[in-house]
Every structure is written in structure tokens, then in C-alpha cells.
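S.K.: For the sequence shown, the numbering used here begins at 1 and goes up steadily by one.
Where hints are given, some of them may not hold.
[Claimed, not checked] Label pairs and their computed distance ranges (CB to CB):
# : residue 1 : residue 2 : range
1 : Glu74     : Ala167    : 26 to 32 angstroms
2 : Arg164    : Glu206    : 21 to 27 angstroms
3 : Val90     : Glu206    : 32 to 38 angstroms
4 : Ala167    : Gly147    : 17 to 23 angstroms
5 : Gly35     : Glu202    : 51 to 57 angstroms
6 : Glu74     : Gly193    : 22 to 28 angstroms
7 : Asp170    : Phe104    : 30 to 36 angstroms
8 : Ala167    : Ser92     : 35 to 41 angstroms
9 : His260    : Ala167    : 16 to 22 angstroms
I should point out that these hints are in silico values taken from the structure, not numbers from a laboratory. Since this is a predicted model, take the numbers as computed values, not measurements. Glycine residues also receive a C-beta, built at the ideal position from the N, C-alpha and C atoms.
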Amino acid sequence: MIQSEAHAPESRPIAILCAGGALPFAVLHAMRAAGRRSIVVAIEGIADPGLSRFHAHWLALGQLGKLFALLRRERCAGVVLIGAMNRPSVSSMRIDAIGWTYLFDFLRNIRRGDDAMLRGMMRWFEVQGFPVLGVADVAPELVAPKGRIGRIDPPAEAVTAAARGFACLDALSPFDVGQALVAIGERIVAVEGAEGTDALIERVMELRRDGRLPRAGRGGFLLKAAKVGQSLKVDMPVIGPRTVELVASAGLAGVIVEAHRVLLLESQAMISGADEAGLFLFGLEGRGAP
1 MIQSEAHAPE SRPIAILCAG GALPFAVLHA MRAAGRRSIV VAIEGIADPG
51 LSRFHAHWLA LGQLGKLFAL LRRERCAGVV LIGAMNRPSV SSMRIDAIGW
101 TYLFDFLRNI RRGDDAMLRG MMRWFEVQGF PVLGVADVAP ELVAPKGRIG
151 RIDPPAEAVT AAARGFACLD ALSPFDVGQA LVAIGERIVA VEGAEGTDAL
201 IERVMELRRD GRLPRAGRGG FLLKAAKVGQ SLKVDMPVIG PRTVELVASA
251 GLAGVIVEAH RVLLLESQAM ISGADEAGLF LFGLEGRGAP
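All chains, full assembly: derive it from the sequences and hints.
M.R.: Here it is in C-alpha cells:
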């Protein structure tokens, strides 16, 4: 039987399962501008209420039966999992009958770390017949390009130092920590832990205030990259305008990101902020030279 146009995969919507933060809005706006169809599913108590203007379907954590039924009813071709969310507790969920069948798998994976938890969630959808897509698949314009992103080029020594920074992050990847670090000169002065990138930069500010780092002049940079083996479909690193503001406040000279493996949130505002502050923004490709 010839598949009808109405049921062809390219004409079917993509489900966007939204947690918190601004990233879901950026993805939805990019998809709408490109004419890509979407069905918005927002997590109650976590996703931004503003998603209602995208005609969002609101579901509680644990309502997997309702979620899978919705995806089938809307004939979704796949699903994108995006947004910020702290590790949920079972007591915070409203688990339905289907959700209970996945609970043991969830509890087992969450003990193994964020990567294991997210990969486990991907399998749930794939078993139900919904491939998990990444932001790069549905909104590629949000992905960091190779080379200069703003108006200012980084100094050659920063690009050289970034190669050492990548090696440091690679070494830490098996421990499920570290998407970012700060380097000043030839020295790596701070590495991201569980607290996140913003808190990493704030820690650098404290080191400057305490006199443990040079206070005079602007120097050093933030390096942001994906971990080795990280699933970019569900956990792609992100920087945005707030990142640039903190980098400027910390007295750093710029930001280097791993090209094609980091998302740029509100990129125009971020680039404008970097240019105005005199900071470089640069995409370095493939753990090597630009």
C-alpha cells in the first residue's frame, strides 16, 4: 500500500517534551520559523507557564501512559526532550499504570548518574516506537558553528590552551562531571562540577576577590564542551546571554565552545552582549585546531 501524504513521516509532527528554562521556547520559535510541525507537551510544575501559548498539553511527571497515548493520537514522528530539570523524586510524581512499569528502570538508572538516567528515558520512547531526536535535528540553527561567532577573534594562545582544556574535560568524562572549565594563561583554574556552569564562573569571581587569581586586567576564558560519550540528543551543553554576562563580570576575555556540540541560546542577544563587552566567542571543532 502506498503511504498517504497525510501519514508520511515528513508531514507528521515532532513532539517537544518541555521541562524548565528558556530553551524550549528557542526550539519552538526556530521550528515555527522553519515551518516544522510540533506538538508541545509541558511538564506540570516544571515547564514555563508561557508554553500555553503554543497550545501545550500539560502532563505530570509519571504520566507515561497519557504521554504515549497522546503521541500516538497525534501520529508523532519522534520526540525531543528539552529543558532544565532537577532529579525528580518518586513522591513528586503522579505515576499512572504505564509509568509504574518503568519505575524500577528509572530508579536503577538514576543511581548511575545523569547520563544513564537520560539514556534510559530515550529507550522508553524508542520501545514505544518514537525515535528520540536532538535539538540539532529539529533546530540546527541553534547549534554553535565553527570559527568566530562574534566580532572579536580569540588570541592564538587561547586556542592553544583550549586544546589542553579539551584533554582535561575528556579525562573527567568517565566520572560524569565537567562540561566546562576556566583557563587563565596556561593554567586551568576551575572545573565545573555538579553545580553547573554559572556557579563555576561565580567561583572564579570569588577566587579573584580572594586574591588567588590576578585581579588586574581581563584574561582567560571559559571553555564549554560536551563530555565524551554524552548523548547530545537529550543533554546538549548550552550557553546564553547569562553566560556572557558572568564571563564579563569574572574578568575573563571570552568563551570558546565545542563547535557543533554546544547550543547557543538567544544567540543574537548573546553575541551583542559579547561584542559590547569586548569578549570573544569562538567555536573550536573536533577537539583540535579550528
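S.K.: Determine which of the earlier numbered hints do not hold for this structure and return their numbers in increasing order.
M.R.: Going through the list in order, the structure violates hints 1, 5, 6 and respects the others.
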